[in-house]
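Novice: My request is simple: use the sequences and hints to build the entire structure.
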Amino acid sequence: MFIYVLTERFQTMNKSLRSKIAIAASLVLSAGLVATGLPSAQAAGLQPTAAQLAAWKGKEITYYFYNDSQAELDTTKAQIADFEKLTGASVKLDVIPYTSLDSQLQARLAAGNAPDVARLNNPGLYIQDSLDLEKYLGKKYAAEFLKGSTLQVTHPTTKKLIGVPYDLTVNGPFINVDMFKKAGVAVPTSWNWTDLVAAGKKVQKATGSEYAFAIDKSGHRVSTAMSHFGAYMVDKNKKNVLPLSKARAEKAIKIITDLYKADQAPRDLWIGTGTKYSSPTAIFLAQQTPIFFSGNWQVASLNRDAKFDFAAVPNPKELNGGGWPGGKFLIAFNASKTPDLAAYFLYYLADAAQMEQMDKAAFWLPTRVDLVAKGVKYASRGSDMDVFQADAGKTPAAAYGIQSVPTLTGKIYDKLRDLMTEAIAGKITPKQVVQQQIAWIDTQLATLKK
Amino acid sequence: MPYLFVAPNMFIFITFIIWPAIRGFQISFYDSIDGRNFTPVGTGNYRAIFGDPTIAEVAKNTATYVVFYVIISTLLSIAFALIVNEQKFAKGFFRAILFLPVMLSPIVVGLIWNDVLDRKVGPLNALLQAAGGGSPGWLVEPKLGMIAVIFVGVWVHLGFYSIILLAGLQGIDRSLLEAAAMDGATRFQIIRTIILPLLKPTTLVILILATIHGFQSFDFIYTLTGGGPLGATTLIVQYIYDRAFQTPIQYGLGSAAGVILFMIIFAFTALNFLLGRKREAI
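Protein chains in written order, with my numbering: chain A, 1 to 450; chain B, 1001 to 1282.
Wrong hints could be hidden among the right ones.
As the list claims (entries may be wrong) - With a cut-off of at most 25 Å between alpha-carbon atoms, the simulated DMTMM-like pairs for lysine to aspartate or glutamate come out as follows:
hint: 1; chain 1: A; residue 1: K276; chain 2: B; residue 2: E1141
hint: 2; chain 1: B; residue 1: K1120; chain 2: A; residue 2: D258
hint: 3; chain 1: A; residue 1: K431; chain 2: A; residue 2: D178
Think of the hints as simulated: they come from the structure by calculation, not from any bench.
Specialist: Right, here's the structure in full:
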């Protein structure tokens, strides 16, 4: 806590005073480090050295960024402004739409135009391009983050940290409280999928809404329902475990596809958008569905745009409750011309003070051990965030298994999404979805052995 | 001296068209999963495309789209050009209205029609329901999806083709039309026997342009249907885009598909041109 206070005070000082203090501090630290024989970045960590500050002055780095809400963008801009004051370097913010996040970044990397730092949700694709953070931030840096959340940013062979978890996401349902009240349906405090479907249909009937239920068009979100029934795709040993829970997976898939086939969920949004990701956020905001299955990253946008009372409610519980692990990550790239500056920028964004600021503003869940222990106090929507936090704790350990194959997670989720599309269109059955998904996972896992 | 004047244009043309085309052709013989490391694979990418189970559907979709798009666009643009040419009142206004879709961004076009064609809350189905019709799933049913993209494709380019044809119409010597009218020819006879034959060179240009546009259609379709429902509107350019830019990126495969598309367009354009020249000679 003392360090955070110091950091905050440090940032509010004027530039010349800050520079002097930074130089003095770095000299003291350097002397200490020479005495202990530790590598400078590993031990100093928190503050750049005078030499670094001098070298960074006037340098520019690029931050490849996407945002789910305006609050994330505004907070990021403010944090960048502070960082620029602190280091004398400048940060060019490239804001990219989520739907083309990976395609644009891969094209940039191929063209030799890599950004210095990026905010991503699929870090496994960039393992070969990422900066070894241990070299700049020390071996102990990984321990500052929740252990499970660093799996996707741990190099599969060297086991070194190649990025940091920036926020933890938890999937779960939102309900339109006004519509539930109007229909005389109690706001659920615990329920299963049968209750959820029944409640959605009852509210739909009573309010005349277009749909009873909507879920993001995403294999990641569907995996949550499968987890509730005890069905998983890959375990921590990189094994295809879907064959062990075929019937349970079918059950989960059938519940969702039946709602879409019966027009009680927005079929057009799922089928009519090809192989693209799409979210029914606008449908929920237009009060066309009483239940919207998404995740905590929606809270900021819903809080700003919803003209009705909404609430996050617990995930349905079958064999299991809880959410499904996910999150966004910060990666620095090894093509950076100023790798130490890139690493420090990443460090700065993910430090406790900045992360807490972002978590509060954008309703994120923290990934830092210290923040989790301390708890983040949200100015509003605290009860919603409590629901997500509680569900994070209830998420079964098996749900983290898929993170053992960071280069394949995106592909596995996308295939499940595309098979769901075929099932919703009535082209294949839920049983065939599971069979084809098993075959696909086997093929993908085989590529790892080559 | 003349080379000096064309040099800036040639520089741009070579840098942004010729060089990337040559490079694309070269990359089509390599495999790359990250866009940085390339392994030569000979004709492996071409064989992979022809062995891809989805390519047959993509080829069928592209052929269906191009055939209907070219025929409907050409016929409608001739009709609209004739109507606008005859108009006496608010000529400029109607021409502007006709040309308006051409000025819209294809992304905006896709988004607008996505809303209009929405099965449940779209205005088109609201009108149909008011008229006692049903609620067709324009963006959900594969066959209707193809009809929807053909319609929107025609809507976008119609004004452009009509304006070109209008210029062709205005180049026709009016004394020929007046003489035919004085000889008692009906309006239909004048169009069939004088206007359309004289409009052939311009129509040929429209046919060639529409064929190229048809094969190259992608942007508005991507925002309108994303290639769905169930791949029914995935055309060759989206196939290239998906291979080259969607994870996992496969630049070699994308480039090979691009070369195939170039050869198809080149063949059709040459055929159109040769047939047109032959007819003119007759």
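Novice: All hints are to be evaluated individually against the structure, with a verdict given for each.
Specialist: To see whether the hints hold, each was checked on the structure:
1. K276/A x E1141/B: Holds - the C-alpha atoms of E1141/B and K276/A are around 17 Å apart, at most 25 Å.
2. K1120/B x D258/A: This hinted pair holds, its Cα atoms lying about 18 Å apart.
3. K431/A x D178/A: Violated - the C-alpha atoms of D178/A and K431/A are around 37 Å apart, more than 25 Å.
When held up to the earlier numbered hints, the structure conflicts with hint 3 and nothing else.
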